[in-house]
Amino acid sequence: MKTVDSAEQALIDQEYSSTLESVDQAEASILEAAGQAGFDEDEQHRIGMALRECMVNAVVHGNRYNKNKKVHVRVLRSSERFTIQITDQGEGFEIQEVPDPLDETNLLRHSGRGLFLMGAFMDDVKVRKVQPSGTEVTLVRNVGPRD
Amino acid sequence: MSVKLNTRQVGDVTVIDVSGRITLGEGSSALRDALRELTAKGNKKILLNLSEVSYIDSSGIGELVSGFTSVANLGGTLKLLGLTKRVKDLLQITKLYTVFDVHEEEAHAIRSFA
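Those protein sequence lines, which keep their order, are chains A and B. Here the first sequence stands for residues 41 to 187, where the numbers follow this note's numbering. Here the second sequence stands for residues 375 to 488, where the numbers follow this note's numbering.
There's no promise every hint is true.
Stated by the list, open to error - Calculated pairs, SDA-like style, for lysine to any residue (alpha carbon to alpha carbon, straight line, at most 20 Å):
#1 A:LYS169 with A:PHE133
#2 B:LYS459 with A:HIS85
#3 B:LYS378 with A:ASP64
#4 A:LYS109 with A:GLU131
#5 B:LYS469 with A:PHE156
#6 A:LYS166 with A:THR178
#7 B:LYS462 with A:GLU83
#8 B:LYS462 with A:LEU148
#9 B:LYS462 with A:LEU147
#10 B:LYS462 with B:ASP391
#11 B:LYS462 with A:ARG149
#12 B:LYS418 with B:VAL445
#13 B:LYS469 with A:ARG86
#14 B:LYS459 with A:GLN84
#15 B:LYS469 with A:GLY159
#16 B:LYS459 with A:ALA160
#17 B:LYS469 with A:PRO139
#18 B:LYS462 with A:ALA160
#19 B:LYS469 with A:LEU147
#20 B:LYS462 with A:PHE156
#21 B:LYS469 with A:ASP143
#22 B:LYS459 with A:GLU81
#23 A:LYS107 with A:GLU55
#24 B:LYS462 with A:GLN84
#25 B:LYS469 with A:GLU144
#26 B:LYS469 with A:ARG149
#27 B:LYS462 with A:HIS85
#28 B:LYS469 with A:HIS150
Stated by the list, open to error - Covered stretches of chain A (in silico footprint by chain B; criterion: 3 or more residues with CB under 8 Å from a CB of chain B, positions within the stretch not fixed):
#29 91-98
#30 136-150
#31 154-165
The hints are simulated quantities; they were obtained by calculation from the structure and are not laboratory data. All residues carry an ideal CB built from backbone N, CA and C; glycine is no exception.
So here's chain B without its partners, still in its complex pose (with noise of 0.2 Å):
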């Protein structure tokens, strides 16, 4: 199963759904183009929801880091919502964890970004 993503507008906060894998190739190019859409548009609150994905490689981190780091650098924040352990994990063995501002339940998510 490739990725799936679905964008929706929650107040001023543009959550994206993913789903499935965020692997090199279809999935990674998949997250950047929608990332990089976005913030073309002006977003600048952007929810990662990642509680469907199954499975992220070391290029689907990259994807995840260098959006933080564009939505960042225009002033914006790229949060992350409802992890899987596996995800989890491999963000905490990567010292990631706690560079995102990662949350458990969207609607704690939406309001931390007021």
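Looking at chain A on its own, in the form it has when it is part of the complex (with noise of 0.2 Å):
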């Protein structure tokens, strides 16, 4: 059981199936908590673009489109900070073995850009496996304008 900072507003606290339509209803989602948490319009379409991404690694690569997996998507909102946390239930993967899309041999691979786009529109992305089986990816957009 985690803690949650008191401070801490939950926007979201959502199941998915494990299904593409899953991906943009969580999107919808997003964007409209975004808004009410006061990003512009810009910042919105960042934050719902690592959404997107989160949401299709956890459906396509997690798990698998097994019907039998969920999605967890939970949204807080606190004074300084705009967390999404979305957890799988798949076998889960090593960030490490991850390549990086943009190096000069990986450049024209077809996929492989997800997670880096997560980092690309948040201040924070942090990936960690979940007991019994499954992965936890926390994005983290502070409030405020961005560096």
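Put the complex together from the two separate chains, hints included.
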């Protein structure tokens, strides 16, 4: 059981099925939540895109579209941070084994840019394995102007 | 809004006008199918007009890259036209902006194939 900063307000706490429709639904919810949190349209777009990339990873690579597996999306807002936690029930992956998509040898690869884009659009990205099976990705966007 | 594609011929250049969202699923599949069909027919000069594309995710970027390499492997060229600011930003942060030949005006893009 994780403790949550008492100043953090839960904006979304939702379980989604492992489908692409869920990705669209989660994206729509996060755009609304980011708007309510005061982010402008461009920031909402970036946050929405980070969420979409993370949801796609959870549905496609994590849960592999398994109807029996869910994706849990939790969004927390404090005066300092807008935090998105996405947890799948897949086999997990080793983050150090994800190739750098900006490396010259990887530039023309078809896939492998999702995690990089999450990092580009958010201020912090953390990935950890959860028990008994799954991956939790935490995306943090600081409230206020980006550097 | 999902993706819509319309293909037209300008001289020996095939222009694909794309509108909507190129995301994993219907959007990226439609673009992949269109490019495969054109390359199978032997079209080697392809201009992808993205001026009405509101959104591309990493899957959509993957289709652009795959299309680019597929056409190049056949001795042809795939170029991009009319990037919105968001799509341009996305290609810049993924270091792909300089990989593609990107144009702002269609007439200029068509001439560049000569």
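Results for each hint:
1. Annotation: proposed proximity of LYS169 (chain A) to PHE133 (chain A) holds, straight-line Cα distance about 8 Å (limit 20 Å).
2. Proposed proximity of LYS459 (chain B) and HIS85 (chain A) is supported: the alpha carbons are some 12 Å apart, at most 20 Å.
3. Only pairs whose Cα atoms come within 20 Å are accepted, and LYS378 (chain B) paired with ASP64 (chain A) is accepted, the gap being roughly 18 Å.
4. Annotation: proposed proximity of LYS109 (chain A) to GLU131 (chain A) holds, straight-line Cα distance about 11 Å (limit 20 Å).
5. Note on LYS469 (chain B) and PHE156 (chain A): the hinted pairing holds, with a Cα-Cα distance of about 12 Å set against a maximum of 20 Å.
6. About 5 Å separates the Cα atoms of LYS166 (chain A) and THR178 (chain A), which keeps this hinted pair within 20 Å; it holds.
7. Taking the CA atoms of LYS462 (chain B) and GLU83 (chain A), the gap is about 16 Å. The hint holds against a cut of 20 Å.
8. Between LYS462 (chain B) and LEU148 (chain A) the alpha-carbon distance is near 17 Å, which keeps this suggested pair within the 20 Å criterion.
9. As the CA atoms of LYS462 (chain B) and LEU147 (chain A) are separated by approximately 16 Å, the hinted pair is consistent with the 20 Å bound.
10. A threshold of 20 Å between alpha carbons decides the hint, and for LYS462 (chain B) with ASP391 (chain B) the separation of about 17 Å falls inside it, so the pair holds.
11. Proposed proximity of LYS462 (chain B) and ARG149 (chain A) is supported: the alpha carbons are some 19 Å apart, at most 20 Å.
12. Note on LYS418 (chain B) and VAL445 (chain B): the hinted pairing holds, with a Cα-Cα distance of about 6 Å set against a maximum of 20 Å.
13. Taking the CA atoms of LYS469 (chain B) and ARG86 (chain A), the gap is near 18 Å; set against the 20 Å cutoff, the hint holds.
14. Simply put, LYS459 (chain B) and GLN84 (chain A) have alpha-carbon atoms about 15 Å apart, close enough for the 20 Å limit, and the pair holds.
15. Restraint check for LYS469 (chain B) and GLY159 (chain A): the C-alpha separation of about 15 Å stays at or below 20 Å, so the hint holds.
16. Simply put, LYS459 (chain B) and ALA160 (chain A) have alpha-carbon atoms about 16 Å apart, close enough for the 20 Å limit, and the pair holds.
17. A C-alpha spacing of about 15 Å is found between LYS469 (chain B) and PRO139 (chain A), which places the hinted pair at or below 20 Å, so the restraint holds.
18. Restraint check: the Cα-Cα separation between LYS462 (chain B) and ALA160 (chain A) comes to about 14 Å, which is no more than 20 Å; the hinted pair holds.
19. With a C-alpha separation of about 7 Å, the suggested pairing of LYS469 (chain B) with LEU147 (chain A) holds against the 20 Å cut-off.
20. Taken as a hint, the LYS462 (chain B) and PHE156 (chain A) pair is honoured in the structure, with Cα atoms around 17 Å apart against an allowance of 20 Å.
21. Annotation: proposed proximity of LYS469 (chain B) to ASP143 (chain A) holds, straight-line Cα distance about 9 Å (limit 20 Å).
22. Distance check on the hinted pair: LYS459 (chain B) and GLU81 (chain A) sit about 13 Å apart at the alpha-carbon level, within 20 Å; holds.
23. Taking the CA atoms of LYS107 (chain A) and GLU55 (chain A), the gap is about 12 Å. The hint holds against a cut of 20 Å.
24. Note on LYS462 (chain B) and GLN84 (chain A): the hinted pairing holds, with a Cα-Cα distance of about 17 Å set against a maximum of 20 Å.
25. Distance restraint check for LYS469 (chain B) and GLU144 (chain A): the Cα-Cα separation of roughly 9 Å lies within the 20 Å cut-off, and the hinted pair is therefore satisfied.
26. Between LYS469 (chain B) and ARG149 (chain A) the CA atoms are separated by roughly 12 Å; this keeps the pair inside 20 Å, and the hint holds.
27. Restraint check for LYS462 (chain B) and HIS85 (chain A): the C-alpha separation of about 14 Å stays at or below 20 Å, so the hint holds.
28. In summary, the hint linking LYS469 (chain B) to HIS150 (chain A) is supported, as the alpha carbons are separated by about 14 Å, within the 20 Å threshold.
29. Given a C-beta distance limit of less than 8 Å, the hint that chain B covers the stretch 91-98 of chain A holds, as 3 residues qualify and 3 suffice.
30. Given a C-beta distance limit of less than 8 Å, the hint that chain B covers the stretch 136-150 of chain A holds, as 6 residues qualify and 3 suffice.
31. With a cut-off of 8 Å between beta carbons, the stretch 154-165 of chain A has 4 residues touching chain B; three or more are needed, and the interface restraint holds.
Hint check: no violations occur; every hint is consistent with the structure.
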